[in-house]
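Colleague: Listed below are the residues making up each chain.
Number of protein chains: 2
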Amino acid sequence: MGDTRVSIRVKHGAKEMELECARKDTLLEALSTVHVFHIDASCGGKGTCGKCKVIVSNSNDSNLSKSELKFLSKTEIEKGYRLACQVKVNQEMVVIIDDQEKDAQIEAAHEGFKGSLEPLVKKKYIELPPPSLSDQRDDVTRITDTLGIEELIIPLSLKRTLSKTLRNAGYSVTAVYSCSTLIGVEEGNTETENYGVAVDIGTTTVVAHLLNMYSGKIVDTVSGLNRQKTLGADVISRIEYCIREPEGLKTLSDKIVSQIAEMVTSLVKRNRIREGSLHSIMTAGNTTMMHLLYGTDPEGIAAAPFIPVDLQAASYHSSEIGNFPFDVTFCNLPAISAYVGADITAGILATKMHKKDELSLLIDIGTNGEIVLGNKDKLYCCSTAAGPAFEGAHITCGMGGVFGAIDTISLEDNTIKYTTIGNSKPAGICGSGIIDAVSILLKSGVVDFTGRILEADEIEKPTAKSLVEKHFAEGEGNSFILAPSSVSETGANIVFTQKDIREVQLAKAAISAGVATLLATAGKNTSDIAHVYIAGGFGSYISKESAAAIGLIPAELLDRTESVGNTSGKGAAECSFSRENYLSCNDIIKLTEYVELSSNTYFQGKYMEDMTFPEY
Amino acid sequence: MGDTRVSIRVKHGAKEMELECARKDTLLEALSTVHVFHIDASCGGKGTCGKCKVIVSNSNDSNLSKSELKFLSKTEIEKGYRLACQVKVNQEMVVIIDDQEKDAQIEAAHEGFKGSLEPLVKKKYIELPPPSLSDQRDDVTRITDTLGIEELIIPLSLKRTLSKTLRNAGYSVTAVYSCSTLIGVEEGNTETENYGVAVDIGTTTVVAHLLNMYSGKIVDTVSGLNRQKTLGADVISRIEYCIREPEGLKTLSDKIVSQIAEMVTSLVKRNRIREGSLHSIMTAGNTTMMHLLYGTDPEGIAAAPFIPVDLQAASYHSSEIGNFPFDVTFCNLPAISAYVGADITAGILATKMHKKDELSLLIDIGTNGEIVLGNKDKLYCCSTAAGPAFEGAHITCGMGGVFGAIDTISLEDNTIKYTTIGNSKPAGICGSGIIDAVSILLKSGVVDFTGRILEADEIEKPTAKSLVEKHFAEGEGNSFILAPSSVSETGANIVFTQKDIREVQLAKAAISAGVATLLATAGKNTSDIAHVYIAGGFGSYISKESAAAIGLIPAELLDRTESVGNTSGKGAAECSFSRENYLSCNDIIKLTEYVELSSNTYFQGKYMEDMTFPEY
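Just so you know, the sequences run in chain order A and B.
Note that the numbering used here has the first sequence beginning at 35, numbered continuously upward.
Note that the numbering used here has the second sequence beginning at 35, numbered continuously upward.
Don't read these hints as lab results, they were simulated from the structure.
One or more hints might be untrue.
For identical chains, the list gives no copy identity; a pair is met inside one copy or between any two copies.
With a straight-line Cα cutoff of 20 Å, these simulated EDC-like cross-link-like pairs (lysine to aspartate or glutamate) come out [to be verified]:
id: 1; residue 1: 495; residue 2: 446
id: 2; residue 1: 386; residue 2: 614
id: 3; residue 1: 459; residue 2: 627
Note that this is a predicted model, so its numbers are computed, not measured.
Please put together the full structure from these sequences, using the hints given.
Modeller: Here it is as structure tokens:
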């Protein structure tokens, strides 16, 4: 390393990397040389958007630029935040990219598509016989004859450029088509350049996979917190926003459309693919998220009898959706009901439970909890208002599964040990940590089966006594200190309280009563279940043992339980890669019966019953 | 009639009417009280558009307003033109509406549809079961189930308003749909309000019929000269304009789209129909006109091997077409080739020649001459570069079939007698007059079978001698004076010249050689033909006898010849009224073989041969 080169170390969640750059580069330029880290910088490094915030280990406050003083809060400055575009790399430094928006902890499914690749948007290179006086077929007929697709639908905008393209290309072109619609005609052979994006629109998190339709590979993944979150944490509050604000629906719709646009732009840029080679965007999400994407009125979803505008699979040109910077076809998976959405259809598809002889149980724990039970003959599903407790909402120190969250908790020598996402200072506790916490408190005997934190004089077990001694915080309500203020990112204790336990009780009761109701409806017993799939971003990180310990899933099914991750994104990708998969979603819909819990007395009884934890 | 009321007499082509109005009204206001006359006044009477030109019999020049001085030429002012919005009706007056744009002489087909009415766009009143917890179907499914149409396609824009409409209407709505696409959902029962427009886009004339889809009636018709005419008289010159000018195609496309928009607006307004009850616009026209409407590149049509972009029947939402003020579906009939367009498909449909056992011959004489020969087993067609002679182009005093044109000529006591359109002063001669003129000159013996006007010493027949004496104009080239300057509108002699006869020879040779070529291709003789249909605006007014006299149609077929008028507009209307008709157009296309004349040696020989007239 000579005088003119400088080395920087970059940490981004679990990723860590050593970079070299020119001494005169800005940090933004340095980070942009590799495509591992995505730094948002919509102003292009002019210091006018304030988006490229990173933590610089040896930042010097006195060097802050005007735009940094404008865009960084006092707290951020104290934490070492800088704008990457304003930092000249003139010495070795450690950079932490710590952006909740861009770093929601979602596993990327960088894997190849298994199955017969028959992408939703196909490309076919064709050499057309050039026209002559003895072959006067018009351009459109010449193409449809060669493609062998009768009644091909061609948008007028494409017809307007068709003849020029054919003539420029000497009649050797690549047809881009989806089903019986011709989407594009490109000069020469571009069969290998065929990309799509599969988007899972979660209430909390949005994940976008870049798909190479030619290779069947998921090339790259970006994710971020759903930007609608600021206008409502859950589906009901967003629907209420639509009802309350005259332009509410448009505002929410614009937010998600522009977020997807930015994610797609980022995927296209950092993978250096030709913009015109992106042809489709397949979306899945809960029914409300799909309404908000398309700008269809979600009001009917919010109140009984819970009627959505539309549950069908559909496809629209991007121009119909709104202001979208790519000329692509938007498709979505079909949904089952107002509260069992296209994300669950995708989950059924991804787990293939609709093709199995044995009984499977799918539990998707996100902001809501959706449950599906069944096999190739019949599927039952329901949605429980599990609430977003497992996503950290309504939990005193709860947070999403992002950088700094306590994600696992264990007991070692009667002392609480934890890990955090990104191995950073603890900032709060996320879903998997919450379940671990309750599990430990239950099993140790600090909390009884009713969910009550026992008084000191009630505690018998030595482990419990020791736990209380070390972690009970008299001063902070009835709570346990998981991480003291001295080590926390926030400078305050990270605690877990009696109230938090009550929230978990409500959530787990909703899920387990939902499972029991579906079993009763199907006339089956727990022991009949051959597979349990825990889905959702959260589902990937949960400790199955802890989940069974608190009664979230039946303990006897532990050996048959697997985490399947974000099946919504996976299912959407599988539909993009295979028209057969996409079409089979309609079979899933026909196979699936929705069980409405709000009017179900069996569920209500079970819900009260399941409020208690297992006894230890 | 009291002091405050004034009577005006209005002449508009063949229409004439007495109106009464308030003494303070402007002439524009007076004319607008009846829906018989359409006065263009896009500025709404402010004097800023200059479009409401009319001739006022007792106009007083000294009263001309500033805007009249701006918009009226010196010649127009001399002829008595005024802007209707600037004229206060303070005395009795005679008003002549003399606008070529609005008064092209086209017969209006104000007749009911004969056949099974199954309009392209249907309306069906449905009462949907309201949703409940035991019927949670989404809005879209609720409609599709009740309509009984599976896989109904619903545009996103409609889905966005759907739930509000359903709820406002208490689930009693009228579905508007075309095939498997839902176009609209209207509150309550609006089945009776279902209108469409059928448009024939001729190179010279555009005709629009307002169709009542509920009654199957053609309600009203407007027509006007194609506004693209100023940028090219025929299809080739318009295509050349597209090639020459960078924005040429867009300019021509905008012209026809805005012209149709204005015609539709006029039909909607003067028939006082609700704008939202207009759902479809069915178009027919030659292949170039269809390209120019849709903005598809016509360049390939102009030169061998004559390849259009598209000949198919198609439908587009108006927003795809361009800036169109109605939310409607545009449809077009399919075409046969670059020079046998959708207008001819419409002609075949209208004459039903594709369903007959006997052999029929269809000759559509417009700016080009298209010929179809055949029966239910097989149709042959061709297009001849007949040139626009029969539309008055390239004829010394030629003009379209509009106000002031000499449309019939006869001999009385060896003197030329004529009639004019609108019984006005002669301004020129249109197609039917041209054919009469040649017929008279031929039969009288003034012109020999080679088309030459004989020298005085060669003339033998007394009629001819007398004709030459009375009408031959030595001073004005080898020409005949049909109407002397003293009576003409233009102040110059209306003449018919040797050169004009040559133009007619070329045109009639092209047609008759085309007929002969199709007969030869089909292996048939003239005597096999059971029906001859003369179509085109011009075809309605032609004297069959004169046409036979000059050899335009075989004399032996005279008893089997009928004028069928504007079959393009008729066919388009029939397709709007009946999906079966629309679909049968594709059968017509399959049944029809295009015969390319440009490379046909038989045609070329026949063309030279048929240049001569019959001998008398």
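Colleague: Could you place residue 386 and residue 614 in one of the four classes (within, between, both, neither) given a Cα distance threshold of 20 Å?
Modeller: Classified as within; 13 Å inside a copy, 44 Å across copies.
Colleague: Given identical chains, is residue 459 near residue 627, meaning Cα to Cα at most 20 Å, within a copy, between copies, both, or neither?
Modeller: Result: close neither inside a copy nor across copies, 46 Å intra and 80 Å inter.
Colleague: At 20 Å max between alpha carbons, let me know whether residue 495 reaches residue 446 within a copy, between copies, both or neither.
Modeller: within (16 Å within a copy, 131 Å between copies)
When each numbered hint is compared with the structure, a violation occurs for hint 3 only.
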